[in-house]
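Q: Protein sequence lines, in the order shown, are assigned to chains Z and H.
My numbering applies: residue -1 is where the first sequence begins, and numbers increase by one.
My numbering applies: residue 1016 is where the second sequence begins, and numbers increase by one.
A few of these clues could be false.
Quick list of simulated restraints, FRET-style, between CB atoms [unchecked claim]: (1) H:Val1109 to Z:Ile108: 57 to 67 Å; (2) Z:Val148 to H:Gly1138: 57 to 67 Å; (3) Z:Ile108 to H:Leu1208: 21 to 31 Å; (4) Z:Ile108 to H:Arg1194: 20 to 30 Å; (5) H:Gly1138 to Z:Gly105: 28 to 38 Å; (6) H:Tyr1032 to Z:Ala137: 42 to 52 Å; (7) H:Asp1060 to Z:Val148: 28 to 38 Å.
Partner residues aside, some chain H positions facing chain Z, computed with beta carbon under 8 Å [said to hold, decoys possible]: (8) Leu1079; (9) Leu1081; (10) Leu1098; (11) Gly1102; (12) Gln1110; (13) Gly1196; (14) Ser1197; (15) Leu1199; (16) Arg1204; (17) Ala1206; (18) Ala1212; (19) Ala1213.
Incomplete in silico selection of chain H near chain Z, CB under 10 Å [what the hints assert, rightly or not]: (20) Ile1040; (21) Leu1075; (22) Leu1077; (23) Gln1083; (24) Gln1159; (25) Leu1162; (26) Lys1200.
For the record, the hints were derived by calculation from the structure and aren't laboratory data.
All residues carry an ideal CB built from backbone N, CA and C; glycine is no exception.
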Amino acid sequence: MNPHPPSAAVILYYPLRSFPPIHGIPMKKNAESAWPDEVHALLSAAGVRQVAIVPDAGHARLIKLCEKDKAMRVVRLTTEEEGVALLAGAWLGGEKGVLLMQSSGVGNCINMLTLPLACQFPLLMLITMRGDHGEFNPAQIPMGNATQVVLEAMGVIVKRADQEEDVTEMVSSAMRLAFNTYRPVALLIGQRVSGAKDFRKLTQSVSK
Amino acid sequence: MSKPMGKLLRRREVVKYLLADRGDILVIGGLGAPAWDITNAGDHDLNFPLWGAMGGAAMLGLGLALAQPKKKVLVVTGDGEMLMGLGALATIAVQQPRKLSIVVLDNERYGETGMQETHTAHGVDLAGMAKAAGIAQTLAVRTQAELSRLKQRIYAGEGALFAQIKIDPEKLPLVLPPRDGSLLKHRFRAALLGANAAHQ
Chain Z
-1 MNPHPPSAAV
9 ILYYPLRSFP
19 PIHGIPMKKN
29 AESAWPDEVH
39 ALLSAAGVRQ
49 VAIVPDAGHA
59 RLIKLCEKDK
69 AMRVVRLTTE
79 EEGVALLAGA
89 WLGGEKGVLL
99 MQSSGVGNCI
109 NMLTLPLACQ
119 FPLLMLITMR
129 GDHGEFNPAQ
139 IPMGNATQVV
149 LEAMGVIVKR
159 ADQEEDVTEM
169 VSSAMRLAFN
179 TYRPVALLIG
189 QRVSGAKDFR
199 KLTQSVSK
Chain H
1016 MSKPMGKLLR
1026 RREVVKYLLA
1036 DRGDILVIGG
1046 LGAPAWDITN
1056 AGDHDLNFPL
1066 WGAMGGAAML
1076 GLGLALAQPK
1086 KKVLVVTGDG
1096 EMLMGLGALA
1106 TIAVQQPRKL
1116 SIVVLDNERY
1126 GETGMQETHT
1136 AHGVDLAGMA
1146 KAAGIAQTLA
1156 VRTQAELSRL
1166 KQRIYAGEGA
1176 LFAQIKIDPE
1186 KLPLVLPPRD
1196 GSLLKHRFRA
1206 ALLGANAAHQ
């Protein structure tokens, strides 16, 4: 016999059949966040010219700001590793760049990271997390869970920002590490900052 | 070392010809034989030979070409290396860098690993793929006359260019550039940007 039977209160509070489906923590609108504007201003002040992207919803506003900035060249990639090579070329030519991507693209970059590691190229990677806080999609979990470990296994310096108010300062710090010490640095921007995709809402909006 | 198999162009002669009187052109060499080929033509501060990063040569060239739009940039790479990064053809076509040339020395083999066949040995048309991606000028080169036209176009620098040169699958002695990536980077930047580049 179970020596610790669940109390009636717990059973009443969590009746199994009425467990609410969890569809993810609603996404905050980036427009409400100050960090994309602040980060764009930081990149601009640092003289970042090439902005290599594979889009993520968490980067949507920052990408828009970079596209509007006439001093920046936004380079859309077919896969994230292209950005690693692109930005090595940029530095060879005297320009700074940034790679904006989602954590699921980290796996695509691993061997190409040889280039900045073996040649001591600065590389600033701003990576918005999936498979993290409040994830709904099981397919996002393996890469999200492994993102930091595989980057560190390659020798990339990894920093994290999990609070909205920390993002700008952490970008500034990662940027200085990358460009002052000539190495690849990744800042992981947690899913808690931008919110997880709310699949229930998206499903409803399509079916209505 | 194997002997040439007939009328195909020979890689060392092709690269020597393309780099003769090179002026201030910036040259990237894809890993393996193309890196040895550009070194054989004369090690140069404005050469950046790759020792790794397979599939990245063309994108490295794009980043350099965007940073230095007034300079001509030549990427010399192999068919295996290009096949690993085909998406770059689309990315480059969208950016349309005016003075970037990608030249693929196509021996239809993975030369460094035992001469195994690549897809181009089975009809994959790299120049056709580059054209379909939207790269402004694409050329398939098999003869000295075509090579001569290619050289004129590279040095004219009038639009993104992609060329696939069919070459003899000969195995040649390696001609190694320096291996220290940091040195290769520094000497390239110093030659291109001036001695102060090290203080950037």
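Q: Identify whether the interface hint at Leu1077 (chain H) stands, where standing means a beta carbon of chain Z within less than 10 Å of its own.
A: Since the shortest Cβ distance to chain Z is 6 Å, the answer is holds.
Q: Under 10 Å is the threshold here; is the Cβ of Gln1159 (chain H) close enough to any Cβ of chain Z for the hint to stand?
A: 31 Å, violated
Q: Range first: 28 to 38 Å. Now tell me if the beta carbons of Gly1138 (chain H) and Gly105 (chain Z) are that far apart.
A: Since Gly1138 (chain H) and Gly105 (chain Z) have Cβ atoms about 31 Å apart, the given range 28 to 38 Å holds.
Q: Mind checking the CB of Leu1162 (chain H) against every CB in chain Z and telling me if the closest is under 10 Å?
A: 26 Å, violated
Q: Against chain Z, is Ala1213 (chain H) within 8 Å by beta-carbon distance?
A: 11 Å, violated
Q: Hey, does the Gly1102 (chain H) contact hint survive, CB to chain Z under 8 Å?
A: 3 Å, holds
Q: Between Ile108 (chain Z) and Arg1194 (chain H), does the beta-carbon spacing fit 20 to 30 Å?
A: 22 Å, holds
Q: Taking 8 Å as the limit, does the beta-carbon of Ala1212 (chain H) come near enough to a beta-carbon in chain Z?
A: Interface hint status for Ala1212 (chain H): holds (7 Å vs cutoff 8 Å).
Q: Under 8 Å is the threshold here; is the Cβ of Ala1206 (chain H) close enough to any Cβ of chain Z for the hint to stand?
A: 11 Å, violated
Q: Taking the least C-beta to C-beta distance, is Ile1040 (chain H) closer than 10 Å to chain Z?
A: Hint violated; Ile1040 (chain H) Cβ to chain Z Cβ min 13 Å, cut 10 Å.
Q: Report holds or violated for the interface hint on Gly1196 (chain H), using the least CB-CB distance to chain Z and a cut-off of 8 Å.
A: Constraint on Gly1196 (chain H) satisfied, holds at 3 Å.
Q: Go through the hint on Leu1199 (chain H) and say holds or violated, using the shortest Cβ distance to chain Z against 8 Å.
A: 7 Å, holds
Checked against the numbered hints given earlier, the structure breaks hints 1, 2, 10, 17, 19, 20, 24 and 25 and satisfies all the rest.
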